[in-house]
Amino acid sequence: MMSFLLGAILALLWAPTAQAEVLLQPDFNAEKFSGLWYVVSMASDCRVFLGKKDHLSMSTRAIRPTEEGGLHVHMEFPGADGCNQVDAEYLKVGSEGHFRVPALGYLDVRIVDTDYSSFAVLYIYKELEGALSTMVQLYSRTQDVSPQALKAFQDFYPTLGLPEDMMVMLPQSDACNPESKEAP
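Counting with mature numbering (1 follows the signal peptide of the UniProt record, and there is no 0), you get residues -20 to -1, 1 to 164 for the letters of the sequence shown.
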């Protein structure tokens, strides 16, 4: 019993410090952020991601703001059986550009950097299968990422302790065809 209590106390003490202090995009504008984005690159220490990263392909996010200050996000992921789709509500937490996604488990999402017209860098802190992990995603308005966007991404993810071998540039896929889509 004593070892269980000690473990629980240590877990509580560790949890608040495990997440890095990550700054948000100044004056984040959800309206300008809305529309179609491609997820072109990711870096993460998540063991599930690391086991599958070489088999992942580019996915999409169709985003629109909600009246409550959050985001509605329609995600499409290429899979073995075609295009998988998921809808999620990103609930605003405090500052603009900071969200929680309760429908997907414990997910803390922060918009770190964006120019709205070509790229965005997102920081995601999550719990998956009982393990805490950090992920950084690079969004692009096109499937071909700009050098400026790639530099912003490559400059940011190492500051979180994520080495280059935990990063993947995602190949394009025809499984999901977003060419004519807008945010639902």
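Careful, some of the hints might be misleading.
Derived DSS-like pairs: lysine-lysine, alpha-carbon spacing no greater than 27 Å straight-line [what the hints assert, rightly or not]:
#1 Lys32 <-> Lys131
#2 Lys12 <-> Lys131
#3 Lys106 <-> Lys131
#4 Lys12 <-> Lys72
#5 Lys33 <-> Lys12
#6 Lys106 <-> Lys32
#7 Lys106 <-> Lys33
#8 Lys106 <-> Lys12
#9 Lys131 <-> Lys33
Keep in mind the hints are simulated off the structure, nothing from the lab.
Nothing here was measured: the structure is a model prediction, and the numbers come from that model.
Status of the hints after comparison with the structure:
Of the pairs offered as hints, the one joining Lys32 and Lys131 holds, with about 24 Å between alpha carbons and a cut-off of 27 Å not exceeded. Annotation: proposed proximity of Lys12 to Lys131 holds, straight-line Cα distance about 22 Å (limit 27 Å). With a CA separation close to 24 Å, the supplied pair Lys106 and Lys131 stays within the 27 Å bound. Between Lys12 and Lys72 the CA atoms are separated by roughly 16 Å; this keeps the pair inside 27 Å, and the hint holds.
Of the supplied pair hints, the one linking Lys33 and Lys12 is violated, its CA atoms being roughly 30 Å apart against a limit of 27 Å. The suggested pairing of Lys106 with Lys32 holds, with an alpha-carbon distance near 17 Å, which does not exceed 27 Å. Our distance criterion of 27 Å between C-alpha atoms is met by Lys106 and Lys33, whose separation comes to about 17 Å. Restraint check: the Cα-Cα separation between Lys106 and Lys12 comes to about 26 Å, which is no more than 27 Å; the hinted pair holds.
Between Lys131 and Lys33 the alpha-carbon distance is near 21 Å, which keeps this suggested pair within the 27 Å criterion.
The structure fails hint 5 only (numbered hints given earlier).
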